[in-house]
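*Asks:* Order-wise, the sequence lines are chains X, B and E. Using UniProt numbering, the first residue of the first sequence is number 1, and each one after it goes up by one. Using UniProt numbering, the first residue of the second sequence is number 1, and each one after it goes up by one. Using UniProt numbering, the first residue of the third sequence is number 1, and each one after it goes up by one.
Check each hint, because a few of them may be wrong.
Stated by the list, open to error - Covered stretches of chain X (in silico footprint by chain E; criterion: 3 or more residues with CB under 8 angstroms from a CB of chain E, positions within the stretch not fixed):
hint, segment
1, 12 to 25
2, 154 to 166
3, 284 to 294
As the list claims (entries may be wrong) - Stretch-level coverage of chain X by chain E, calculated; a stretch enters the list once three of its residues show a Cβ under 8 angstroms from a Cβ in chain E:
hint, segment
4, 256 to 264
5, 342 to 349
To be verified - Just some of the chain B residues that point at chain E, by a computed CB distance under 7 angstroms:
hint, residue
6, Gly244
7, Arg249
8, Asp279
9, Asp384
Calculated directly from the structure, the hints in this document are not laboratory data. Yeah, the Cβ is synthetic: ideal placement off N, Cα and C, and Gly gets one too.
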Amino acid sequence: MSGHATNLRVKLPLLCALLQLATVLLFAFFVQYDSQTSPWLWHEEVQLQQRPLDHEFYPRYPSFQDVHVMVFLGFGFLMTFLKRYSFGGVAFNFLIASFALQWSILIQGFFHTFHNGKIHVGIESMINADFCAGSVLISFGALLGKTSPVQLLLMAGLEVTLFGINEYILLSLLQVKDAGGSMTIHTFGAYFGLMVSRVLFRPHLDKSRQREGSTYHSDLFAMIGTLFLWVFWPSFNSAVTAHGDDQQRTVMNTYFSLASSTLATFAISALVNQGGQLDMVHIQNAALAGGVIVGTSAEMVLTPFGALIAGCVAGLVATLGFKFLTPILAARLKIQDTCGIHNLHGLPGMLGASLAPWWPLWQPQMPMERGAILKMRSLAMPPDTLCFEDQIYWEVPEEHHDGFQVVEALSTEEADKATQA
Amino acid sequence: MSGHATNLRVKLPLLCALLQLATVLLFAFFVQYDSQTSPWLWHEEVQLQQRPLDHEFYPRYPSFQDVHVMVFLGFGFLMTFLKRYSFGGVAFNFLIASFALQWSILIQGFFHTFHNGKIHVGIESMINADFCAGSVLISFGALLGKTSPVQLLLMAGLEVTLFGINEYILLSLLQVKDAGGSMTIHTFGAYFGLMVSRVLFRPHLDKSRQREGSTYHSDLFAMIGTLFLWVFWPSFNSAVTAHGDDQQRTVMNTYFSLASSTLATFAISALVNQGGQLDMVHIQNAALAGGVIVGTSAEMVLTPFGALIAGCVAGLVATLGFKFLTPILAARLKIQDTCGIHNLHGLPGMLGASLAPWWPLWQPQMPMERGAILKMRSLAMPPDTLCFEDQIYWEVPEEHHDGFQVVEALSTEEADKATQA
Amino acid sequence: MSGHATNLRVKLPLLCALLQLATVLLFAFFVQYDSQTSPWLWHEEVQLQQRPLDHEFYPRYPSFQDVHVMVFLGFGFLMTFLKRYSFGGVAFNFLIASFALQWSILIQGFFHTFHNGKIHVGIESMINADFCAGSVLISFGALLGKTSPVQLLLMAGLEVTLFGINEYILLSLLQVKDAGGSMTIHTFGAYFGLMVSRVLFRPHLDKSRQREGSTYHSDLFAMIGTLFLWVFWPSFNSAVTAHGDDQQRTVMNTYFSLASSTLATFAISALVNQGGQLDMVHIQNAALAGGVIVGTSAEMVLTPFGALIAGCVAGLVATLGFKFLTPILAARLKIQDTCGIHNLHGLPGMLGASLAPWWPLWQPQMPMERGAILKMRSLAMPPDTLCFEDQIYWEVPEEHHDGFQVVEALSTEEADKATQA
């Protein structure tokens with residue numbers, strides 16, 4: 001397939017090399033260990049008044065590891081549900097998260113821990129970098145199967161930068177509290193992703209419709225992602241809250257909210273199905289909305305019963321969104337949202353922000369003119385006939401080919417285009 | 001399928017709504033943050049003598065997260081082994097655990113942390129609620145594939161209540177120590193589940209026999225569950241023991257016991273097979289018996305070699321149970337135990353309790369007359385011809401249909417019944 | 001198959017019984033709780049000056065659990081990629097790790113915590129035992145599909161013993177620092193495994209070539225292993241470093257190194273493929289090399305940008321190794337390395353050791369003459385025609401048989417041999 005536009009052989013290595021080189025150089029000039037990570041600073045300045053176990057590392061590290069599992073395994077496997085794009089789901093997730101966290105160390109560091117000409121990094125920098133990567137992965141969910149890794153890496157670079165600016169405005173300038181990121185992570189990631197999906201709108205996506213479904217086992221792989229996200233969401237919301245009762249309260253509110261959103265999801269899923277059957281898409285996604293909706297408020301005194309009610313509302317809204325809103329978004333607003341991120345992150349994120357009294361009238365401002373860059377043919381974007389298909393970017397075991405020839409399909413597509421032009 | 005008895009469209013939403021509403025109301029009236037979770041109580045009363053990191057949250061939370069993974073991912077994936085009921089296995093596990101933990105906060109809270117008219121909840125309440133949910137999931141194992149989610153939710157409500165009573169009698173009245181729950185969780189969950197399975201006995205279950213097996217990949221999904229249970233079992237047994245050496249000792253004893261039960265399981269599995277081959281059912285289940293058997297005694301001074309011996313015995317007994325006892329239970333005692341919970345939780349739980357000197361002559365007292373409620377036709381129970389089948393409750397990807405028509409099968413079944421009646 | 005050489009019915013139970021009995025007896029005589037685990041020692045001697053939460057258990061246990069997940073789930077699922085040997089991959093991993101950790105408690109304990117005639121075990125003993133098991137599993141990677149569990153258990157016994165000696169020489173005699181085990185775990189495990197693979201060289205392995213590939217879903221199962229290894233590697237490298245800044249620095253360096261090795265792997269994978277497609281084998285393995293290469297140096301002041309560069313080099317070298325070196329090893333040096341451990345553990349391990357200034361000229365000294373023992377027909381080794389095949393050691397669901405008859409294949413093989421002899 002070397003002559004085709006989706007060939008990654010030159011484009012992907014080149015872009016990775018450029019991005020990684022830029023990151024390495026910026027790290028070399030600007031990034032250094034903070035006072036808890038540098039042996040000199042810690043031993044000579046800080047530890048004199050403290051014992052080793054008072055190190056900030058100990059209360060934060062278990063939360064960090066849970067968040068890390070969510071970003072790489074949770075989001076990764078959640079996106080394996082497509083029958084012919086599971087490699088792409090889990091592995092492009094891996095690639096863009098690995099880049100986004102590096103870039104985010106720079107961007108977030110510049111806004112929050114930059115002094116004396118250096119960015120100082122410690123355990124909280126890692127948690128925040130993972131959060132930012134999570135936001136990029138939410139956006140990826142809307143684009144799943146329709147973009148090349150080249151496009152995704154460029155998007156990640158742009159999104160991380162805007163994430164940093166938006167977060168700085170909200171948290172530092174407007175003094176908003178948003179520990180679990182209802183606004184900064186979920187709402188931002190969702191509407192950024194939907195905007196990109198709108199820019200990349202494909203009127204002929206039905207050409208790949210036969211690949212957009214799942215198989216029995218791909219749905220089970222996706223459940224691995226769902227359950228890791230669900231189980232560790234209390235750590236996500238509490239990872240950077242204040243120590244002591246704050247962290248405990250955030251965990252407990254998230255725990256209750258998730259439990260009730262799960263019941264609501266099962267209930268609504270059966271209710272809206274003609275045959276009274278449950279839908280795996282709802283269970284995989286909407287049951288998580290309970291974690292999103294309390295992102296902002298979980299650290300507050302939401303009370304256990306308040307958390308239960310928030311979760312119910314989230315599961316209800318998200319499941320109804322999957323059933324009724326996603327088709328409308330695609331048909332009317334030209335927003336093709338593969339994973340339904342609007343239902344899981346957009347709506348519950350907005351609701352979650354409005355739960356808190358200080359919700360500012362903030363909307364993500366996406367520059368529409370940048371779309372042209374993301375659409376360029378040289379970015380290895382898949383044609384309409386080959387969305388949701390691993391074979392264009394992956395070596396796939398023969399048993400999975402199904403007599404399907406990527407090269408031929410690509411040739412036909414390009415011949416078609418030549419004819420039309 | 002809307003006219004059929006297994007249709008969930010009205011029943012499941014209605015029951016979920018009722019249970020969730022009841023829970024929300026009871027939470028509103030009775031549940032409040034404990035002194036470590038409420039900001040006022042913590043900052044004004046407790047923290048004066050302490051530093052933030054002395055908060056009970058820090059030593060307990062990593063254990064809680066491990067237990068949480070076990071309940072939702074461990075038990076969930078362990079139950080995906082059936083070839084046509086993997087959705088049901090992992091997702092009904094998700095549903096009933098989400099309800100059971102809420103209900104258990106109320107029941108256990110009433111028995112253990114109720115004062116001044118309020119239930120006070122903190123990190124230990126969450127661990128104990130997860131433990132109780134685990135007990136319900138053990139019972140679910142015996143019923144896997146043969147019950148509707150409506151029946152399972154009702155069972156969970158009943159079982160959580162009786163779990164609370166039984167635990168109160170053992171731990172509070174009889175002053176039994178049982179940190180890892182050999183008695184309260186495993187023995188109780190196993191015999192409760194077997195009792196329900198006896199009540200719901202199906203003489204014609206052979207009509208669904210062709211679905212009771214596994215496929216190559218469904219067995220691998222189940223191994224995800226097994227390994228998470230195995231790896232985190234030391235946290236399960238130690239999650240609520242005293243701090244310091246107690247917790248360390250419990251972890252170590254469980255670690256050794258599991259290692260030796262794994263060797264014993266492999267040995268016996270090869271020995272009892274005619275062709276000298278290993279059986280995945282044994283590896284998936286019996287290797288875990290080493291965690292069950294030291295549930296009561298792991299916090300005691302069992303010594304490392306005592307733990308190894310306990311594990312050997314557990315692996316041996318559990319594997320032999322799968323080979324020889326399960327068929328007898330089904331044939332003679334009319335107890336159809338899909339996952340073999342008697343071998344993994346029943347026998348090792350009893351042995352584990354008797355390892356400790358204070359084992360009281362306690363037997364779970366299940367009210368047989370309640371069976372009629374769980375058997376009612378309106379609970380969406382699957383007919384004999386459709387056990388172990390996801391299609392009755394789930395939208396299943398087309399590739400998985402195998403030319404099999406649920407509606408037809410249901411109609412035939414009901415026509416048969418009409419003829420017989 | 002009871003008459004065949006690969007029958008496990010007598011051999012495996014017998015060997016398990018012998019090994020477990022020996023371990024139990026040695027534990028009974030030599031192993032006892034250390035002063036942090038024994039209630040008497042802790043309460044009477046240590047705790048007088050400390051509070052319960054100062055117990056070494058609290059900073060170490062979350063790291064231990066992460067390492068435990070890596071050993072059993074990470075390595076286990078990484079080895080499920082073969083289309084017909086996924087049971088063997090995950091479950092033999094389970095068996096030999098369970099034995100290796102017990103044996104390692106004895107060997108490592110003898111070298112490091114033996115005083116007054118007793119081995120004293122605590123939380124660090126468990127971490128180190130898991131490390132040693134990890135080293136055995138690395139070696140298993142080279143042999144995957146070509147050895148029986150009987151051979152693997154014997155190999156584990158031998159390797160754990162030599163691991164203990166090698167580690168004692170490096171860490172205690174030569175005073176080398178190697179917290180993440182670039183030398184002691186990765187380099188040792190890799191070259192030990194390659195040596196054994198050389199000893200067991202099969203000139204006719206092409207008879208099983210049709211089984212050596214993966215399927216679409218077996219590659220996804222392997223990604224579960226990859227991602228757990230990747231996510232928890234910071235805990236692996238930092239699990240036994242000094243508290244405070246050391247642990248924080250080790251985690252951060254490993255985190256950065258892994259992120260950049262992932263980008264390098266994707267870049268090189270696309271570059272070396274004729275069609276510009278990515279290769280799942282590279283993503284599953286080479287992306288992890290960033291964790292291996294900083295094993296020795298992560299606790300040092302590597303600086304964030306130094307870690308990024310190390311990761312790039314590791315991903316680059318490992319991916320090129322898979323593409324160009326593995327075929328040469330097999331063709332020229334008669335080393336058949338199923339998982340490519342030389343690329344993931346061997347090369348990056350050596351590089352990682354040489355990153356540190358004190359790298360001694362150390363080479364693993366494998367006794368070649370011991371090979372004869374591992375090759376004995378009575379060890380249930382699979383014939384060339386039946387490598388990479390679960391059916392010889394496992395009961396496999398019927399759907400997976402593909403009309404393939406193990407008994408016949410075995411009979412033909414043995415008839416062939418009889419004719420040749």
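*Asks:* Now tell me if each hint is right for this structure.
*Replies:* Hint-by-hint comparison with the structure:
no.: 1; hint: 12 to 25; in the structure: holds (count 8)
no.: 2; hint: 154 to 166; in the structure: violated (count 0)
no.: 3; hint: 284 to 294; in the structure: violated (count 0)
no.: 4; hint: 256 to 264; in the structure: violated (count 0)
no.: 5; hint: 342 to 349; in the structure: violated (count 0)
no.: 6; hint: Gly244; in the structure: holds, 4 angstroms
no.: 7; hint: Arg249; in the structure: holds, 5 angstroms
no.: 8; hint: Asp279; in the structure: holds, 5 angstroms
no.: 9; hint: Asp384; in the structure: violated, 22 angstroms
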